[in-house]
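Participant: Chains as they are written, first to last, in our numbering: chain W, 443 to 851; chain P, 443 to 851.
Since the hints were derived computationally from the structure, they do not count as laboratory data. Among the hints, erroneous ones may be present.
If chains are identical, the list can't say which one is meant, so a pair holds when it fits in one copy or spans any two.
[What the hints assert, rightly or not] Capping the alpha-carbon separation at 30 Å, the derived lysine-lysine pairs in DSSO-like fashion look like this:
(1) K607 / K740
(2) K459 / K740
(3) K477 / K534
(4) K509 / K740
(5) K534 / K791
(6) K812 / K844
(7) K554 / K737
(8) K844 / K811
(9) K797 / K461
Protein chains: 2
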Amino acid sequence: MLKKSPLAPKLFPNLPKIKGIRLACIHSGIRYKDKLDLSLIYMTKETNVACVVTRSQTPSAPVIWCKKIRNIGKARALIVNSGNANAHTGDKGMETVKKTVNAIVNHIGCKKNEVYVCSTGVIGEFLNENIITAAIPKLIKQKASSWKEVAESICTTDTFIKGAKSKFKIEDKQFNVVGIAKGSGMIFPNMGTMLGFIFTDLPLSANILNILLKEAVEKSFNSITVDGDTSTSDTCLLFSSPSISLNRSIKTIGDKRLNFFREALDKVLQSLAQQIVCDGEGASKFITINVSSVKSQKIARNIGLAIANSSLVKTAIAGEDPNWGRIIMAIGKSGSPLIQNKISIAINKVKITDKGILIPNYKEEVVAKKMKNKNIVIDIDMGMGKEKSTIWTCDLTQEYIKINADYRS
Amino acid sequence: MLKKSPLAPKLFPNLPKIKGIRLACIHSGIRYKDKLDLSLIYMTKETNVACVVTRSQTPSAPVIWCKKIRNIGKARALIVNSGNANAHTGDKGMETVKKTVNAIVNHIGCKKNEVYVCSTGVIGEFLNENIITAAIPKLIKQKASSWKEVAESICTTDTFIKGAKSKFKIEDKQFNVVGIAKGSGMIFPNMGTMLGFIFTDLPLSANILNILLKEAVEKSFNSITVDGDTSTSDTCLLFSSPSISLNRSIKTIGDKRLNFFREALDKVLQSLAQQIVCDGEGASKFITINVSSVKSQKIARNIGLAIANSSLVKTAIAGEDPNWGRIIMAIGKSGSPLIQNKISIAINKVKITDKGILIPNYKEEVVAKKMKNKNIVIDIDMGMGKEKSTIWTCDLTQEYIKINADYRS
Chain W
443 MLKKSPLAPK LFPNLPKIKG IRLACIHSGI RYKDKLDLSL IYMTKETNVA CVVTRSQTPS
503 APVIWCKKIR NIGKARALIV NSGNANAHTG DKGMETVKKT VNAIVNHIGC KKNEVYVCST
563 GVIGEFLNEN IITAAIPKLI KQKASSWKEV AESICTTDTF IKGAKSKFKI EDKQFNVVGI
623 AKGSGMIFPN MGTMLGFIFT DLPLSANILN ILLKEAVEKS FNSITVDGDT STSDTCLLFS
683 SPSISLNRSI KTIGDKRLNF FREALDKVLQ SLAQQIVCDG EGASKFITIN VSSVKSQKIA
743 RNIGLAIANS SLVKTAIAGE DPNWGRIIMA IGKSGSPLIQ NKISIAINKV KITDKGILIP
803 NYKEEVVAKK MKNKNIVIDI DMGMGKEKST IWTCDLTQEY IKINADYRS
Chain P
443 MLKKSPLAPK LFPNLPKIKG IRLACIHSGI RYKDKLDLSL IYMTKETNVA CVVTRSQTPS
503 APVIWCKKIR NIGKARALIV NSGNANAHTG DKGMETVKKT VNAIVNHIGC KKNEVYVCST
563 GVIGEFLNEN IITAAIPKLI KQKASSWKEV AESICTTDTF IKGAKSKFKI EDKQFNVVGI
623 AKGSGMIFPN MGTMLGFIFT DLPLSANILN ILLKEAVEKS FNSITVDGDT STSDTCLLFS
683 SPSISLNRSI KTIGDKRLNF FREALDKVLQ SLAQQIVCDG EGASKFITIN VSSVKSQKIA
743 RNIGLAIANS SLVKTAIAGE DPNWGRIIMA IGKSGSPLIQ NKISIAINKV KITDKGILIP
803 NYKEEVVAKK MKNKNIVIDI DMGMGKEKST IWTCDLTQEY IKINADYRS
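For reference, chain W alone in the conformation it holds in the complex (with noise of 0.2 Å):
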């Protein structure tokens, strides 16, 4: 791994084990020399799945194989591996999904549609099906792997390995969500793309695995960004186990005891996003943006993203100056309905302009000492409405460019 980022957490979390759900992993040498590169997870029949997937008109085989499948909702395995993303690599690609895909079914003895493929790692070359199958018997005969080494498995420029849980208790049980991650988010390094598999013991139905998973990444994995590119890879899964019952099952989205798990939902992914950020390439500060007083959340998402996605504004936090008409800029460039003066931007709560303007007395040299910390919070308040978002993402330094610009070569 590279030099582990200054934002990152100090410790990998303790992740419980769910119930249903079997892990394996090894190292395949598909192209890494020491790294654990390829996991199995398994799960019990009945298993759920939800699945997001990028919005890149380039998608790599595996998301196009995920796609295609996740209307069913059913999942019996995943398997992802590193160092090859399976991206841009025409028919032979999808060849490759469907052998993988195959290899497992003969082993475990589901359907095809049950069986989700995730890879991540370099564009355009041609991934090893035979090292992948030959594999698979080994990962199902081995003893069960942690949380940590599946973690592992799946990075490949991050600096350090990301998880989170929660639990939260229906009918006096209680029940987890665990979640890992890999990536730095839109930053699509030479080898990267985001994922996350999260999974819970909960018994839900897919339809609502579904509803829910959406409306959670919106305020996770789409509320961040790194440099604003998208991967070729990013996916999203959401397994729930139906290994623990309860008396009374969950079956429609109104249900109010869904709202234990919502909040759970939301709190596993919001950590792993915030983790993706905080591995962002040469990341100095963790930079947080609220948007109130707006009429739409989709609105203070665009002001925010706008915001986040500004070289500008990113290289001024990363330098610690408080060049503030830059996010006047990149709000205007946001294309958002606005008054101007009705704007209010404040920098670690320290106010820079009220409705529109300079506030009196205003000392640059307050608000530069308060940048000096490692987390940035800019709050704007847009005067015109009642709804408010929150963007994460972090700055623009020199190392950015030294990663992306000698990483490869």
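Could you slot chain P onto chain W? The hints should help.
Facilitator: Using the frame of chain W, we list chain P on its own:
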């Protein structure tokens, strides 16, 4: 001025005088110590004008003013200052524009809606109108300035001054198109913006100028990007002086003689746009992206801009790394309809992918060698239609971060 860009042209061109257009500029002391910073260009009666401004939702006070008067289509004066953008300055900023306009009206006896105002520089600081109104009588009395001096006076973070010219004949009379510009395009530096002022002695109505300017801007200033950021102050003006008359005047947009003008206008605007890219902060490579075989020019521009705005493509080029997977990623990110197995990519004429996959016997080192060139040409053939378009950009280097993280502080 900062250290000259390695992509700067050797010389400022020798621009001809345009009959009916008088130039004057001085050092007024708005911000800079020694630099020319205020220009007044005044025009003979019956000068027509077309005006295109930024799409920013937080436009500067001068942009709001220009938008208000541009439908009249007449111009007698253009006043431009550098050092202060008069942006996000509320009602007070608009008062400054009005006082400036009034001062010019009083001195040259024209209408208010014939006076164009542009400001470029720091955002959010109040512009001292007294400096400007005091300078106006001096500007009117002093001897005429040169194009070169005016081009210098509008610069802020530019590392070289920008001008272009072209000529053509109609009815055996020679006509000129002359243009000056400043800025690094969408790069929106600390004190930045894109300004372009174009002058012709071919007499044309405001209506015709408007149509032709919009067409030409699409193919020039709207086909460049440095980092995807949009200024609050971008303004392009096209003035037509009536000083040389035609025996048979051009009255409709269908007049075929307009093609001579179109060609000259395109040449000047594209040269200025390319000069702006060459002055992109930290630029070390000039990048041309040709997208062909698509169903519309809009799709071609969309795809081209997605590539040109990708930090990962730009850093790869800075590192002379033929990381073509990032180009595929950017094409996918554009959201344009496509068929992946029809896409062909070449860099500096070396074919890399054909019909969606890597060509047999692809040799990365051949492309890597070609990428040592200052000029990088990326050809994308989408295999889906007959339209095409070209986008120009520059690479993203450590120098960019240095300039933008450290400039003000």
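Participant: For the identical chains here, do K554 and K737 meet the 30 Å Cα criterion within one copy, between copies, both, or neither?
Facilitator: neither (45 Å within a copy, 37 Å between copies)
Participant: Up to 30 Å between alpha-carbons, please classify K509 paired with K740: within, between, both or neither.
Facilitator: both (25 Å within a copy, 28 Å between copies)
Participant: Within a copy, between copies, both or neither: which one fits K844 and K811 at a CA-CA cutoff of 30 Å?
Facilitator: both (27 Å within a copy, 20 Å between copies)
Participant: Within a copy, between copies, both or neither: where do K797 and K461 come within 30 Å Cα-Cα?
Facilitator: Neither: 54 Å inside a chain and 46 Å across chains, both beyond 30 Å.
Participant: Please sort K459 with K740 into within, between, both or neither, judging by C-alpha distance up to 30 Å.
Facilitator: neither (36 Å within a copy, 52 Å between copies)
Participant: Between the shortest in-copy and the shortest cross-copy C-alpha distance, which are at most 30 Å for K607 and K740: within, between, both, or neither?
Facilitator: within (28 Å within a copy, 46 Å between copies)
Participant: Are the CA atoms of K812 and K844 at most 30 Å apart within a copy, between copies, both, or neither?
Facilitator: Answer is both; intra-copy 27 Å and inter-copy 21 Å each pass.
Participant: For the identical chains here, do K534 and K791 meet the 30 Å Cα criterion within one copy, between copies, both, or neither?
Facilitator: between (54 Å within a copy, 26 Å between copies)
Participant: Up to 30 Å between alpha-carbons, please classify K477 paired with K534: within, between, both or neither.
Facilitator: Intra 26 Å, inter 62 Å, cutoff 30 Å: intra-copy only.
Consistency note: the structure conflicts with the earlier hints numbered 2, 7, 9.
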